[in-house]
Amino acid sequence: MPLDTKTTGFKYIGTRPDRPDGIDKVTGKARYGADAYAPGMLHGVMVRSPHAHARIKKIDATKALALKGVKAVVTRADFPTGLEGEDWNIQENCMAGEVALYDGHAVAAVAATSLLLAREAAKLIEVEYEVLPHVTDVDEAMKPGAPAIRAGAADYSVPEGLHPNVMRYIEYGHGDLEAGFAAADLVMENTYKTEATHQGYIEPHACLAQLGSDGKGEMWVCTQGHWFIRRMSAAVLGIDVANLRVTPSEIGGGFGGKTTVFIEPVALALSRKAGKPVKMVMTRSEVLRATGPTSSSSIDVKMGMKKDGTMTAAKVTMRMQGGAFPMAPIDSALDCAFSCYNIPAVHHEGYDVLANRPKQAAYRAPGSPMAAFATESLVDEMCRALGLDPLKTRLKNASREGTKASFGPTFPRIGLVETLEAAIAHPHYAAPLGTNQGRGVASGYWMNWGGETSVSAALGEDGSVTVSVGTPDIGGSRASMALMAAEALGIPYENVRVNVVDTGSLGVNEPTHGSRATYATGLATIEAVKQISSKLCQRAADKWGIPAEAVIWEDGCAKPSGPNAGEFPPLTIGELAAEMGSTGGPISGHFEATPSGHGGSFGTHIVDVEVDPETGHTSVLRYTVVQDAGKAIHPAYVEGQFQGGAAQGIGWALNEEYIYGADGRLQNTVFLDYRIPVASDLPMIDTVIVEVPNPGHPYGVRGVGETGITPPLPAVANAVHAAAGVRLRSLPMSPPRILAAIKAKG
Amino acid sequence: MTQIHVTTTVNGDEVDFLADPRETLLDCLRDKLGMTGAKEGCGTGDCGACSVTVDGRLVCSCLVLGVEAQGKTIETVEGMAEGEKLHPLQRKFIEHAALQCGICTPGILVAAKALLAQNPDPAEEEVRYWLAGNLCRCTGYDKIIRAVLDAAAEMREGV
Numbered sequence: 001m002p003l004d005t006k007t008t009g010f011k012y013i014g015t016r017p018d019r020p021d022g023i024d025k026v027t028g029k030a031r032y033g034a035d036a037y038a039p040g041m042l043h044g045v046m047v048r049s050p051h052a053h054a055r056i057k058k059i060d061a062t063k064a065l066a067l068k069g070v071k072a073v074v075t076r077a078d079f080p081t082g083l084e085g086e087d088w089n090i091q092e093n094c095m096a097g098e099v100a101l102y103d104g105h106a107v108a109a110v111a112a113t114s115l116l117l118a119r120e121a122a123k124l125i126e127v128e129y130e131v132l133p134h135v136t137d138v139d140e141a142m143k144p145g146a147p148a149i150r151a152g153a154a155d156y157s158v159p160e161g162l163h164p165n166v167m168r169y170i171e172y173g174h175g176d177l178e179a180g181f182a183a184a185d186l187v188m189e190n191t192y193k194t195e196a197t198h199q200g201y202i203e204p205h206a207c208l209a210q211l212g213s214d215g216k217g218e219m220w221v222c223t224q225g226h227w228f229i230r231r232m233s234a235a236v237l238g239i240d241v242a243n244l245r246v247t248p249s250e251i252g253g254g255f256g257g258k259t260t261v262f263i264e265p266v267a268l269a270l271s272r273k274a275g276k277p278v279k280m281v282m283t284r285s286e287v288l289r290a291t292g293p294t295s296s297s298s299i300d301v302k303m304g305m306k307k308d309g310t311m312t313a314a315k316v317t318m319r320m321q322g323g324a325f326p327m328a329p330i331d332s333a334l335d336c337a338f339s340c341y342n343i344p345a346v347h348h349e350g351y352d353v354l355a356n357r358p359k360q361a362a363y364r365a366p367g368s369p370m371a372a373f374a375t376e377s378l379v380d381e382m383c384r385a386l387g388l389d390p391l392k393t394r395l396k397n398a399s400r401e402g403t404k405a406s407f408g409p410t411f412p413r414i415g416l417v418e419t420l421e422a423a424i425a426h427p428h429y430a431a432p433l434g435t436n437q438g439r440g441v442a443s444g445y446w447m448n449w450g451g452e453t454s455v456s457a458a459l460g461e462d463g464s465v466t467v468s469v470g471t472p473d474i475g476g477s478r479a480s481m482a483l484m485a486a487e488a489l490g491i492p493y494e495n496v497r498v499n500v501v502d503t504g505s506l507g508v509n510e511p512t513h514g515s516r517a518t519y520a521t522g523l524a525t526i527e528a529v530k531q532i533s534s535k536l537c538q539r540a541a542d543k544w545g546i547p548a549e550a551v552i553w554e555d556g557c558a559k560p561s562g563p564n565a566g567e568f569p570p571l572t573i574g575e576l577a578a579e580m581g582s583t584g585g586p587i588s589g590h591f592e593a594t595p596s597g598h599g600g601s602f603g604t605h606i607v608d609v610e611v612d613p614e615t616g617h618t619s620v621l622r623y624t625v626v627q628d629a630g631k632a633i634h635p636a637y638v639e640g641q642f643q644g645g646a647a648q649g650i651g652w653a654l655n656e657e658y659i660y661g662a663d664g665r666l667q668n669t670v671f672l673d674y675r676i677p678v679a680s681d682l683p684m685i686d687t688v689i690v691e692v693p694n695p696g697h698p699y700g701v702r703g704v705g706e707t708g709i710t711p712p713l714p715a716v717a718n719a720v721h722a723a724a725g726v727r728l729r730s731l732p733m734s735p736p737r738i739l740a741a742i743k744a745k746g
Numbered sequence: 001m002t003q004i005h006v007t008t009t010v011n012g013d014e015v016d017f018l019a020d021p022r023e024t025l026l027d028c029l030r031d032k033l034g035m036t037g038a039k040e041g042c043g044t045g046d047c048g049a050c051s052v053t054v055d056g057r058l059v060c061s062c063l064v065l066g067v068e069a070q071g072k073t074i075e076t077v078e079g080m081a082e083g084e085k086l087h088p089l090q091r092k093f094i095e096h097a098a099l100q101c102g103i104c105t106p107g108i109l110v111a112a113k114a115l116l117a118q119n120p121d122p123a124e125e126e127v128r129y130w131l132a133g134n135l136c137r138c139t140g141y142d143k144i145i146r147a148v149l150d151a152a153a154e155m156r157e158g159v
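Here the protein sequences come in this chain order: Z and C.
Position 637, counted from 1, in the first sequence is what the working numbering calls 637; the numbers after and before it change by one each time, with no gaps.
Position 125, counted from 1, in the second sequence is what the working numbering calls 125; the numbers after and before it change by one each time, with no gaps.
Bear in mind the hints are in silico, worked out from the structure with no lab data behind them.
Mixed in with the good hints there might be a few duds.
[As the list claims (entries may be wrong)] As a list, the in silico BS3-like pairs of lysine-lysine whose alpha-carbon atoms are at most 27 angstroms apart:
(1) Z:Lys-29 / C:Lys-85
(2) Z:Lys-276 / C:Lys-32
(3) C:Lys-72 / Z:Lys-306
(4) Z:Lys-29 / C:Lys-32
(5) Z:Lys-123 / C:Lys-85
(6) Z:Lys-6 / Z:Lys-58
The structure presented is a predicted model; accordingly, all values stated were derived computationally and were not measured.
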């Protein structure tokens, strides 16, 4: 779509006003998922499989239902049959059918008049299991003899002879790979592994659901995307989407993990059966055992390089398990593996593998951090072997406008070169290091997303404007939307109120995912409010008796413009709004689209660590994030995205992992054992916002949410190598692993 | 199970409620008193989202039983502002963009207030270790630490 692009001379864009929901959030008034209550409300509790893989032989709820105050029990028998494809996968994940597929898989649920009673009742539901052999490691799951989790479910892409746990196979590339490797002075190949991690949002999943026997329902839920929740819940329950109104609560973090359903259809089913509203709130252990962590991965990478650092060829093979369901993110992982570089010959292969683990969900740039860990570690190893500067080598090979991307298309205007140049020039890159200290660098990429978007804007009688959006605000997006609306209309930021509205109020909106909200909802907000100014120009033209073409909108006013417009004093938005009832009626704007000019974002990180040779403990001493934002609408929240992504990546690199026992049960199901970075683990995180405007957005915006988690995994690994002289090709680099590597080195 | 009558003081107001002996102080604050400012992130005392003070001592309210509140003085995030006047920590958190999703914010504000009550001039490292029991997954803590240090400086100047 042609856009009226403006990238300089902003009045509001680029400022840092207070967020509109700030006071609610610092005073405890903001209402999150678990903060809703309804008259007559019941509490729902799930019964979960204690086995990694087990046939469900019998479920007996007699004793639970005999308790006074227990109002309903549901099992898979209470859900419709005949679903197909991903709808079936989602239904099966929300409530197991014949087989429990992972430790924590829901098998039944109960609703009672109090939470304590519901928990008591859940313990009284008797489930008889026949335990089956299980597998949780991706490489083990592909070996002959591994238990087949869903034999016959693989799609057409899988070549003959592979284990039935391989669900999908992808292969693509371009250029002459053999010639490329032959032309290299150095060819290196290594295998890398990453363990599954969890998004770790602090707010557990929560909803308050009501569904009548007529199929009409309402739900309050913490989610990144309530239209997704509506569609998935309706499919799982066999009801029409229009009959389910979903209202998003404030959301306590998501990072991709709150883009699908887990408890929501079950709460609705309990409500329908009991005839009362049902609230369900997960415990932290339920979140870790039974929502969507990332895939774990096993990756082979091979690269050829000339003595001067020129990359000649590269090949990657990714094996990822996404739990007991297909759709591990092999596609995006492969697309990101070599996206930073202009390499004449590349080849990609991917295996999507089942294992007895929970169904993976998106986590911030899904697949990209794993791919970057492998590629960017190998690039570092090769630069060391050839005595090359790692940032200058990256710059030499960097993708830029016009480069044929490793995944096929030709890059439009992108900002990798600018981030590398800024990193090379940053004082951090030249700062001195002490004993046992080392510096690592890495770059990363996320392609971002546009997606279905619908926004409405309405003019108030006093000239203030209400914007209705459908993307939940996770990190200050209402402030960004208000800034863009204020800029487009030329009215103060404070005169714009942005609301995240329910599914009954707008057309379909995809979630706040894919780094799309500021880009796509922002674009739609700008276009929607421009319809308001255009209608106001018409009203002013009518009043002045001149053609609408002779009126322009400037600084919040309609002004006559052009040689024949005549002399009239400007009419302000307030003056025009005050009389809109008598000049033609209410004024609003609406815009909907599936914009596709999102433009990817590249980042380059620098990290200094100190490794204690006695304990293997790694301290992060200094961290700098350089990333292309296109245009930073509210720079403080852009910095926040950079810093948060870096912190999550540091956790993934050094400490976080899913630990399964030999029995296939998750062993670290609380935050004490699944330890995310705490304040004393981290230094201040410096940020450099690079702005290479995205031609696909009116103000040049690129999404910034996801790219920041991609470089830290390899950057930290490269720094650990520089500090301790050991190369860890398996994450996390926890102290025992580093210590073992140091001892093995001798 | 028989409910126990509990009388306590929350943010200066005397309140009472009936508590099952198994219910936590967090459950009682949220479900019986309608004070949902304190959040449950873990239920095991690891995340600090439920932080409140009991007789001036910082605790995870998910690890305190509701019946233990009998006769005590409880302070929560809802008691930090005086009417429409925000506490300096609350104001600095907004100014510094020290929250993204905001779910950890009530607990961190209560914990930071408790720190500044006993140490009005903490070093960055002291703030980091004091807040190590309050998990934030969004921010990487950078802006949180800056907001606390800035609020401490302002409070020392008595603005």
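Checked hints:
Proximity of Z:Lys-29 to C:Lys-85 is assessed by CA-CA distance (about 15 angstroms); at most 27 angstroms being required, the pair is judged to hold. Proximity of Z:Lys-276 to C:Lys-32 is assessed by CA-CA distance (about 20 angstroms); at most 27 angstroms being required, the pair is judged to hold. Note on C:Lys-72 and Z:Lys-306: the hinted pairing is violated, with a Cα-Cα distance of about 72 angstroms set against a maximum of 27 angstroms. This hinted pair checks out: Z:Lys-29 and C:Lys-32 have alpha carbons roughly 16 angstroms apart, not beyond 27 angstroms.
Taken as a hint, the Z:Lys-123 and C:Lys-85 pair is broken in the structure, with Cα atoms around 48 angstroms apart against an allowance of 27 angstroms. For the given pair, Z:Lys-6 sits about 64 angstroms from Z:Lys-58 by alpha-carbon distance, which is inconsistent with the 27 angstroms threshold.
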